[in-house]
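**Q** Build out the structure end to end from the sequences listed, making use of the hints.
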Amino acid sequence: DGIQACVCYLLEVSDAALEDLEALPFARHSWEVQIMLKTTGQKLREEGRAQGLEEGRAQGLKEGREQGIEEGLSKGIEKGQAEMLRLLLRRRFGDIPDDLEARLKRACPATLKRLFEAALDADDISDLLNL
Numbered sequence: 006d007g008i009q010a011c012v013c014y015l016l017e018v019s020d021a022a023l024e025d026l027e028a029l030p031f032a033r034h035s036w037e038v039q040i041m042l043k044t045t046g047q048k049l050r051e052e053g054r055a056q057g058l059e060e061g062r063a064q065g066l067k068e069g070r071e072q073g074i075e076e077g078l079s080k081g082i083e084k085g086q087a088e089m090l091r092l093l094l095r096r097r098f099g100d101i102p103d104d105l106e107a108r109l110k111r112a113c114p115a116t117l118k119r120l121f122e123a124a125l126d127a128d129d130i131s132d133l134l135n136l
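Count along the sequence shown from 1, add 5, and you get the number used in this note's numbering.
Mixed in with the good hints there might be a few duds.
Below, a list of computed lysine to aspartate or glutamate pairs in the EDC-like style, where the Cα atoms sit at most 20 Å apart [stated by the list, open to error]:
#1 K118 <-> D129
#2 K84 <-> D103
#3 K67 <-> E83
#4 K48 <-> E68
#5 K118 <-> D104
#6 K118 <-> D132
#7 K118 <-> E68
#8 K48 <-> D20
#9 K118 <-> E106
#10 K110 <-> E122
#11 K118 <-> E88
#12 K110 <-> D100
#13 K84 <-> E106
#14 K110 <-> E83
#15 K110 <-> E68
#16 K84 <-> E52
#17 K80 <-> E68
#18 K67 <-> E51
#19 K84 <-> E68
#20 K84 <-> E122
#21 K110 <-> D132
These are computed hints drawn from the structure, not numbers from a lab.
**A** Printed below as a string of structure tokens:
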């Protein structure tokens with residue numbers, strides 16, 4: 006019918022809010038138009054919700070990737086520090102005792118730094134076991 010066509014046209018070309026169209030006199034007197042407006046409103050809300058979810062997913066993936074890269078770099082640096090400390094210890098003292106090796110595997114960056122500095126001045130590898 007003509008009223009429905011008019012409402013469809015207004016929905017397509019105007020920036021009018023759905024509530025404004027629902028308030029028009031001809032819209033209030035036609036149950037077909039009311040149903041069409043409600044259906045259009047539901048569709049717009051669903052589209053908005055879907056767009057919001059998609060944007061949220063994209064942002065979450067981006068942040069997750071960035072966090073993963075940061076964590077990977079951090080772990081890589083820690084492994085590199087531990088390996089350089091092992092190299093220094095082997096060069097200066099020979100074999101690394103198992104208990105010290107186990108400690109190196111679970112050491113945080115601050116502990117690795119402290120052990121490295123101590124290894125530079127230590128007379129014997131056993132000096133590092135008590136740190």
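**Q** Which numbered hints does this structure break?
**A** 3, 4, 7, 15, 16, 18, 19
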